[in-house]
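Peer 1: One-letter residues, chain by chain:
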Amino acid sequence: MKLMPLMEKLLPICRSITGDGLKKSLGILSEGTGLKTIEYPSGQECFEWTVPEEWNIRDAYIIDSRGNKIVDFQKCGLHVVNYSMPFKGKLSFQELKPHLYSLPEKPNAIPYRTSYYNRVWGFCISHEQYLKMEENPAEKYDVCIDSDIKNGAMPIAEWLIPGETDQEILLSTNVCHPCMANDNLSNAVVATAVAKEIAKWPKRKYSYRLLVLPATVGCIAYIHNNPGWVEKIYGGYVLSCLGDPGNFTYKKTYQGNHEIDKVMLSALKTGDAGYEIREFSPIGGDESQYNSPGFRLPIGSLMRTPFMEYPEYHTSLDNLDLVTEEALQGSVKTYLRAIRNLELNATYKVTFKGDPKLNKYNLYVGPHEDYNRFVGTNYFFSMSDGQNSLLDISEKCNVDIEILNDLAEKALQNGMVTRT
Amino acid sequence: MKLMPLMEKLLPICRSITGDGLKKSLGILSEGTGLKTIEYPSGQECFEWTVPEEWNIRDAYIIDSRGNKIVDFQKCGLHVVNYSMPFKGKLSFQELKPHLYSLPEKPNAIPYRTSYYNRVWGFCISHEQYLKMEENPAEKYDVCIDSDIKNGAMPIAEWLIPGETDQEILLSTNVCHPCMANDNLSNAVVATAVAKEIAKWPKRKYSYRLLVLPATVGCIAYIHNNPGWVEKIYGGYVLSCLGDPGNFTYKKTYQGNHEIDKVMLSALKTGDAGYEIREFSPIGGDESQYNSPGFRLPIGSLMRTPFMEYPEYHTSLDNLDLVTEEALQGSVKTYLRAIRNLELNATYKVTFKGDPKLNKYNLYVGPHEDYNRFVGTNYFFSMSDGQNSLLDISEKCNVDIEILNDLAEKALQNGMVTRT
Amino acid sequence: MKLMPLMEKLLPICRSITGDGLKKSLGILSEGTGLKTIEYPSGQECFEWTVPEEWNIRDAYIIDSRGNKIVDFQKCGLHVVNYSMPFKGKLSFQELKPHLYSLPEKPNAIPYRTSYYNRVWGFCISHEQYLKMEENPAEKYDVCIDSDIKNGAMPIAEWLIPGETDQEILLSTNVCHPCMANDNLSNAVVATAVAKEIAKWPKRKYSYRLLVLPATVGCIAYIHNNPGWVEKIYGGYVLSCLGDPGNFTYKKTYQGNHEIDKVMLSALKTGDAGYEIREFSPIGGDESQYNSPGFRLPIGSLMRTPFMEYPEYHTSLDNLDLVTEEALQGSVKTYLRAIRNLELNATYKVTFKGDPKLNKYNLYVGPHEDYNRFVGTNYFFSMSDGQNSLLDISEKCNVDIEILNDLAEKALQNGMVTRT
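Protein chains in written order, with the working numbering: chain A, -10 to 409; chain B, -10 to 409; chain C, -10 to 409.
Calculated from the structure, these hints are not laboratory results.
The beta-carbon is built from N, C-alpha and C at its ideal position, and this holds for glycine as well.
Treat each hint with caution, since some may be false.
Label pairs and their computed distance ranges (CB to CB) [stated by the list, open to error]:
hint	chain 1	residue 1	chain 2	residue 2	range
1	B	Asp261	C	Met(-10)	34 to 40 angstroms
2	C	Asp48	B	Gly355	44 to 50 angstroms
3	C	Ile17	B	Tyr353	47 to 53 angstroms
4	B	Asp261	C	Gly21	53 to 59 angstroms
5	B	Lys58	A	Gly260	39 to 45 angstroms
6	B	Leu309	A	His357	25 to 31 angstroms
7	A	Gly260	B	Lys64	49 to 55 angstroms
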């Protein structure tokens, strides 16, 4: 299924960590999935954090003295500082200036700016536009922000796909940024696509939980409202920036050598895309929360170009031109391969001594016939002593775990191995 | 003792995993050693494997219509597919063609080909010869393979050189390839030379067992016919491809950090030849059997250019031109140095506090006098705390264990250290 | 405080491992410090070593037949082989020649030469001078060495700066080389400067002991004369060659991963000077004694260009031109930073779950405000789980432990963490 149409549909919506734009987005993402939206009331104390008041915005503009609407929220949701207080008035350029934000180093980009906790109002504009306004210091402007901030609720969406055990694999993603494509629409779109594929599998060893959350406070509120839940989590991933065609970057869990890390490394190693591996760092998204000392959940994060490391980041230039269908699909595929590794991983033990006589079992494959299977066969029977999992074997010989699993199942049927 | 004469004597014999050629070769290798040949009957079940029927060949040829013997087994034993069934007949080129094997990419080489378990017959010829035959598609040939495959026995040769304990160091090698020099005559010749040197030593801490075996099934049959033997093995080496003048390659045991590995690494590190170290891999020779999960014997393998990695491999070009006396002797020397390291390795503990006053014991050596002994002396007294063996010390300071052992013996006499 | 004036004052004194020059030097170093000189009697047996007889020298010269004093001990103390026996006589060049030492490869340098244990006499001269003497083989010389070697004592100086516990950090250095600047005046001058700073601190977790010793036998005599002392040592450093402007070299303790190593690595990593890290080696100074199997004290050594590795080493060219005030001060600073790391190092545990809401505690710092503090804050709260010390955190995030400690103290006041 193509993912770009969903990106196109979601892009123009002005989202925030609360409000109608976010609710509408969660609704669209839920179509064709089992995602359900839940709301947490403003003011609820969640560990160190408080669920914020709800922000809604209907319109915002700046009109010059000749009646031209030079800034129009309807054209781009980034034009207003996220969580701006309402404002209406006629202001000189000098009065308006402290409320204008632009990026001199990226003159054609509208910056993305938020002020969740300090009550301010402001407009984000391209620096080109700012320079034009600066030319007429005597100009007067009609300024309007038609917003409100009041008690309400913060929505999150969740989908539990049950498996053979209650142990959960978490797929967590954000969708609170307005009108930008790679950060963080692409990850929400990829996350739902991954979950939809997993839901189709005839059986699952683990249960899978997809969470689509506003950043930071969404994650912490979810944990707070689901006491006992974190104990069920085996591990998982935070999905972030997955739509650009850059190489993958995998940021490890705090533990750094958890099965969650190993299955992803294996997926990357036996995959066809370039990648980079990084140690865990608390500077990032919700993986910081999940891995924090109070929870220490093994949650890694596969990204493409990481947030902050591409020049369009947090501006109107992070648009659909930056994102390709192929990159989105490649991201889905890589997550699914890692998760498939997790599902297939098991440990076997040979029942015979010495090297097996493979042709007796119809398992002989020559190196020129299928090199990967040849190598995998040799390593599988050499390492399957009850101590090494398929993942360990894959790591040693660089053969995809799917090939090793196929071999293991045949060997199991032949009585050549037992599962431990 | 020169080794090339033995190589020259053994080269022309057409060996296989059974048969008279193999028996004759084992007999020649046994001269001047304690090697004894033992036979296992065809059909004996040995773990996953079965001792094969015995193959013998007396003659084979292809004669063209003008009476020219264009392929003659008497000239090169590689001309016949090893384990070819007997055949006699007059065949057109088209009929003969499916029984001809050549290497288009190495046109002057006769390939080495076996068919131990599928009953076929065939000839291996140079591609140059094949192309000449192809020019006369209408030609008829007298074809003869005077061989038989029947119940018999598989011979192996063994030599136990006793030491102070029953714990055994295994030296295992193959000699089943016909008419090729580096793979695997060189290793059999080096192995017997190593064993002969060890047998001359006035005393040995370990017992040493030399096995000269047909590949794979020979090794597994030996283990099967000697129940309880594997428990006595401390470790050892598979000798393979040791005659070419290439750098050494050491393939580690499955454990990867066994004393068997360390003594070889130390021999290589303090030696004068180039070398490369590789992790254990189950793709190889009998080391795969010994290290397999059912046995997990710590058996490493020192080679020169590894099998499959030199262009002459498994062709008539793997001849005496590829092998040098110097390379053979260097291989013997390196194995002996590793084994000597094993014999000398021990752990000592100083009996005094602080740095020793070396000139009191006549042990002072200045750096300009003998740098290696100067360094070795400092490290020996600094590390000998009952925890570090001479091998550990050698590894740290790159000084040959023989120098450290000499020092240790003097220090022992002086009462400066005890042996732990 | 400037250190070069002290260097200048000490340089001309002819020191040895005993004698008036050494005593005078210890006296000068003691000014403004708590250093006290202690003497051990000649002939005292200390483990493997014996306190040597005392050597004193008043004058030495070579006068040619025209009355020219061509070698004059008063001009440079290096002119006499250290521990030369007294001598007086008229000698031909041929008779004098075996008593002359020069360095053909460094023709303008007077070498430094000792003969502590073999009773000889000799002169060290530049090779230029030697060549001039060689031109007149018939010349006769008045030769005088006015020295004596007799029963006496060996002085050492020590200063104990008490802390909250009896556990001691050792700062050990030598000052027995005559008339050379970098080796080993610079280290004695840096060591006293470091100790003077530590003594000024209002409180110290550890006690600190500064030892200024003649090399090898001084260190071993001190340990011998202070039974039970080594048990009180937590760790420490041997200070050596700290005056040249070269990069730092840190030689680790035998253990290699002791807190003593970690605090120094952290000081170097977060400092602004280039550095190199080396494994422990028993070839060196008194760190060899302290780390020897009988004591195994974790004593590292921070140097600048290590002894033997600069061309002026052990010659008259190791003079004040080689040493800079800036290098001396940088050495003092780096030692103090390592020791401060040791004092500040502690382990904390967060009292809350999830990420902290930093602005509630006035601890929020943005990345553009103060990047190091931003990073340090994130890592401190992510890693403080009771398992990771400030040092571990500093190692992970490369932020100076002083920043982390400041944060830890604020977090402790806020109740966000407990100290474990």
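Peer 1: Which hints from the list above does the structure break, by number from lowest to highest?
Peer 2: Hint check: 1, 2, 3 and 5 fail, others pass.
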